[in-house]
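Chemist: Go by the hints and put chain B onto chain A.
Number of protein chains: 2
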Amino acid sequence: MRSKVKRWLLGRPLKSNELGEQRLRKTKALAILSSDALSSVAYGPEQILLVLMTAGAAAFWYSIPIGIGVLILLMALILSYRQIIFAYPHGGGAYVVSKENLGISAGLIAGGSLLVDYILTVAVSVSAGTDALTSAFPSLHEHKVAIAVMFVILITLLNLRGVTESASLMAYPVYLFVLALFILIGVGLYNILSGHASPDLHTSIGTPVAGISLFLLLRAFASGSSALTGVEAISNAIPNFKTPASHNAAKTLMAMGALLALLFSGIVLLAYYYGIVPKAEVTVVSQIAEHTFGRHFMYFFIQGTTAMILILAANTGYSAFPLLAVNLAKDKFIPRMFKVRGDRLGYSNGIIMLGVLSILLIVVFSGDTEQLIPLYAVGVFIPFTLSQTGMSLKWIRQKPDGWVPKLIVNLIGALISFTVTLVFFITKFSQVWSVLLFLPLIIFLFIRIRKHYEAVGEQLRLATCEPALPIEGNIVLVPVSGITHVVEHSLNYAQSLAADQIIAVYVPFEREEEQRFQEKWRDWKPDIRLVTLHSPYRSIIQPLTRFIDSIQRKASESNYQVTVIIPQFIPKKGWHNILHNQTSFMIRTHLLYRKDVIVTTVPYHLKK
Amino acid sequence: MRSKVKRWLLGRPLKSNELGEQRLRKTKALAILSSDALSSVAYGPEQILLVLMTAGAAAFWYSIPIGIGVLILLMALILSYRQIIFAYPHGGGAYVVSKENLGISAGLIAGGSLLVDYILTVAVSVSAGTDALTSAFPSLHEHKVAIAVMFVILITLLNLRGVTESASLMAYPVYLFVLALFILIGVGLYNILSGHASPDLHTSIGTPVAGISLFLLLRAFASGSSALTGVEAISNAIPNFKTPASHNAAKTLMAMGALLALLFSGIVLLAYYYGIVPKAEVTVVSQIAEHTFGRHFMYFFIQGTTAMILILAANTGYSAFPLLAVNLAKDKFIPRMFKVRGDRLGYSNGIIMLGVLSILLIVVFSGDTEQLIPLYAVGVFIPFTLSQTGMSLKWIRQKPDGWVPKLIVNLIGALISFTVTLVFFITKFSQVWSVLLFLPLIIFLFIRIRKHYEAVGEQLRLATCEPALPIEGNIVLVPVSGITHVVEHSLNYAQSLAADQIIAVYVPFEREEEQRFQEKWRDWKPDIRLVTLHSPYRSIIQPLTRFIDSIQRKASESNYQVTVIIPQFIPKKGWHNILHNQTSFMIRTHLLYRKDVIVTTVPYHLKK
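So the protein lines, in turn, are chains A and B. Throughout the first sequence, residue numbering follows our numbering, covering 37 to 644 in sequence. Throughout the second sequence, residue numbering follows our numbering, covering 37 to 644 in sequence.
Isolated chain A (complex conformation) (with noise of 0.2 Å):
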């Protein structure tokens, strides 16, 4: 039954040899890695606006000197990743680039950054998609939660069932939301160029603003600079692509780098042309569009485009998350269980726990996760740092042919992360605190791992332990709980074992109890030696833990092994086991934890 519905769900199992089909053309690559980016579109250009609105009006026309900052920042984005992708062509992102180049702790600063901000991605962007939604149907506003866990339920099906199958239905959405997108620039740029747009509506470039700051600007570019978050996903997903992995990659960044561009630049050039002053209710985009085409078919259109690709940019999360817990589980400094690829060849246990982990943080933030906006961008613009230096000292040490430019790149690509880094922190320590209590503890939580894994592998190796003691022989304990079939049964395999000694273990409540037990006992299997263990206060593990310890004393002596066989009967069906008591369940784990006893159960099958 189980298994049936997870067919339905997820599709039937895939051979690992089948892997190659669910690689991604360069198309559906550029869709399903990109929508992180691209959806910040709908936001960045606002934030700038936000910000430059608390020195007046006048100061909008900062917005484009701060706009070119941000295409600048990601020109050496891109341009970083970019040699990134061929330098690391087996993925790893941020993580692998600090690790190798600035070492361990860098590296996993970075990888845990990265790892939160995923989840943190989901949530934002699931949560933002809904508010979108339920702005259009104001009824379905009391149920945002219940909407916005179940957008992400469905993404993590999606994702379950494979990578090229949610490409496949996640296509068409980005790609009409840049069409939209394209469509509004361009008779926008158009309504301006042929005069029909008012050129009053904006201060001209360069009029002078009272009250404006460079700190005033420096948080105006670290707002705007929110819309790059999500350029990283490419590199962190290179194994997903078909050969050549890497130049694939690379000419989807490329793409990707140009979309985005293309699309900020035109939103901050409408939006400082049109005048447009940043409303609570109504987003910058909605009312660039509203302004080109009166709320008409087209406003919709956008409008409705924006909504579900604010939703699928939780769906970049799902592709890099996985990937980059395999790269920490690989290095051991994350459960091994990130590494088993599912069904469906995704690394499914990474998906389902991005799934879990954000709708718990929906759920615990009411589906109100803009305040983790902030903590997000910061989150994505650590890593950045990072791996840009990382790259910097690559080219320094390594020097190959050409290195200089390449050196340059990440060289301005590092020192503009590393800007916004701080102003974040400077302007916005508030909400972003956090950050510097929760990476200390998940690196703290690597690193534990990491020992405990190394710990283990000392200990199994053959090589480095002693060798394994010999058995000179085998004392079984059966515990009884009568005289039935199946004791009986497990008497006759300790016989067939060949033990040195054999003895059934009873642990009778009342002392009438055990007289009459050991009588019957007598008369039954008078060849096997009976052991009954009086327990006053009725627990059933004490006195055979207590028992057992004493004959493994004994028995470790003359390197004999002490084996405990349980019987143990399994009803036929499943709600039956409500109806016994689990004592074989209980003793035996008790048993397997906590002594260094072999515990062998004997099953007795029920048939009705």
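You may find that some hints are simply not true.
One copy or two, either will do: identical chains are not told apart, so a pair holds if it fits within one copy or between any two.
Derived lysine-lysine pairs resembling DSS-like cross-links, with alpha carbons at most 25 Å apart [claimed, not checked]:
#1 Lys609 x Lys368
#2 Lys278 x Lys62
#3 Lys561 x Lys366
#4 Lys556 x Lys590
#5 Lys631 x Lys643
Hints were generated in silico from the structure; no laboratory data involved.
Modeler: For chain B alone, kept in the frame of chain A given last:
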């Protein structure tokens, strides 16, 4: 840690032979077992007036003859249960009496009703007590569910500590309540007799009233008899009494009957004489108290003790439910875990189950459990009717000395109880219909459980089943995950067992891996046969079970036993378990439940 918290909450474990000390003296038993019955005085008379009010205030004089009717019923019940106590000194009340005299079905109807009823008792009385409390402190009103749940948890913990300890704590409020009502009734009667109370407040007895009908009177009688819920508690709890248990229980029962009769008639009489009209916000007892004392100390004393006894009424359920559950479990109608005595010699599973289920009821009904009162009354009168019919039959069949008066007592009890049950069904069908649904359901469940236990017993009994198959030889399979210390230890163990054949099984996911492992194995353990099972779908369990099946088929032909030895490493700390894939655990569970093979776990305890 966990066991320390448990000690602190529940006290040290008790030996089985300390049971005698946990038994109840009469005064404590009266407090602990009659709080339910006595507390119903707080609402029983009011129920009568509420029904009569529908025919106008002039009809209130009927409360006197109806009250006399209830007293007769009470007398019949008390005398009948006194006879039951002596006839069935091991307790069990309605369930045992009905089962033995009317057959299994009647017994199960009685037992099922009572089982559900005790849960209702706890939920209803704790909610009522909490209501009384939040009426006094309105600011607590919004937390009433949390408060009620807290009270249930507290009572559950007290009962887990053991009956005598909970009795000591609970005796005071019960006796204070009785004292308070005696003072109230005494002062009230003095006022009336000394002429301090105006005789104009009531219509005199016998005044003809328009619109009165037999139906209405019967309904009022049925409502009033809800004051009798709880009188059966003592007959269920005889084993809790100090020896001679029957005599002590009978005396306690008589004392409770006398108290209940006095309090009930006093309240009915005062209500009639004062001409009290039931109001939605103020209870009848509260009105009488105010009329008698004004809003002074005595008034608050009466209100306070009433609130306390309502909450403590829940405790009656805690005494009776576990004992009834033991009786049902002894007859195999409910899971046998209800027979197990806990550390403090109480039947912990019954106590915990009662607590959990009544919390569930309180939460589901958001603390408004008043709507459950009729259901609860029906659930009491069905077993009343059955047990007294059973007793009547018993006298007719056995005809002991002086059986005729005994028969008359039980027959009258049975008839009145039956009438009350009928009246409930006729006049309050919309509130009690669900009994007709859940009673058959619960009885069906009882019978299914009994059938399962019987089937198991049949299969385990040595006499009835075919003799255990002889074991001619052993085939041992060792699933291996690599070449490690754990695997070596498991192989050594397999070799020490004198098995006829040992096969190591390896499940590679890729062809190259398969090749590589086979070569390594040939170098390491050339004398042990290795089978590799290539698994293109990356499942370990599937190929393994298929292989085991094929081995099993061949083995069973010649009476060979198949044993699977699973190496499992046990991390030093619990949280480390999430770092390992639990493959051993999954294989073991799957094999035990699905296959007829013996599963041996070789633990390897990690030291770091």
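Chemist: Check each numbered hint from earlier against the structure, then list the numbers of those it violates in ascending order.
Modeler: Those not satisfied are hints 3, 4.
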